[in-house]
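Residue numbers (numbering that gives the first Met the number 0), protein chains in the order written: chain A, 0 to 110; chain B, 0 to 110.
Note that these hints are calculated values from the structure, not bench results.
Any given hint could be a false lead.
Just so you know, same-sequence chains aren't split out, so a pair can sit in one copy or run between any two.
Here are the simulated lysine-lysine pairs, DSS-like style, with alpha carbons at most 27 angstroms apart [said to hold, decoys possible]:
| hint | residue 1 | residue 2 |
| --- | --- | --- |
| 1 | LYS8 | LYS32 |
| 2 | LYS110 | LYS32 |
| 3 | LYS32 | LYS7 |
There are 2 protein chains.
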Amino acid sequence: MTSNITPKKLKSHVFVCTNERAAGHPRGCCKSKGSEELVKLFKSEVASAGLASEVRAQKAGCLDTCEFGPSVVVYPDGVWYGPVSPGDVTEIVKSHLVEGKPVDRLRIPGK
Amino acid sequence: MTSNITPKKLKSHVFVCTNERAAGHPRGCCKSKGSEELVKLFKSEVASAGLASEVRAQKAGCLDTCEFGPSVVVYPDGVWYGPVSPGDVTEIVKSHLVEGKPVDRLRIPGK
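Chain A with its partners taken away, still in its complex shape (with noise of 0.2 angstroms):
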């Protein structure tokens, strides 16, 4: 190891599928439905909350819930939401994160 560094254990860990593919692709894909607004207010959010020390929100690549995105998925919990629009990003960081209740009506049925 090359590093004293000692990385900090997370709480929970947000993956934002930020894939994009060309357009009238028959899948379609999250970035071009506002993913990447939808990563910096989950950023923003976090921190507005007090969570930075032991939240990550990120870009991921695809995440293959292409047909329910802009599609998140939290870790560990394993919950998966989409479609998501920014005016959710607010009440998913507050009951999921922050109370630790996920947000039912945005989950992705069946995963």
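Fit chain B to the given chain A structure using the hints.
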């Protein structure tokens, strides 16, 4: 919901950091250390192990463990690996994803 597709449930979800930074950045980056090759290897090894229906391996943005890259996290277990070499992938798939035994020698300390 605009689709009748029912996504599959995942037993394990492998995220490989493929973040890229400019050459010379003090934290380095996983892409420059060959992480895109790791994504391909994970996908092929997962398929070869017959796990394609229950394990997904994919790209992720920065996992914020740059100093230990190429870095990989396996959820829902929350097991972090790094640095991962191409030769380590078969062992992670066989030991961790097939047999359920994380590869302790490759774990990122403190995560």
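Results of checking the hints against the structure:
In this homomeric assembly, LYS8 and LYS32 come within 27 angstroms of each other (Cα to Cα) only across copies, at 24 angstroms, whereas the closest approach inside a single copy is 31 angstroms. For a Cα distance limit of 27 angstroms, the shortest separation of LYS110 from LYS32 inside one copy, 21 angstroms, qualifies, whereas the shortest one across copies, 33 angstroms, does not. Taking CA atoms no more than 27 angstroms apart as the test, LYS32 paired with LYS7 passes between copies only; the shortest distance there is 22 angstroms, against 32 angstroms inside one copy.
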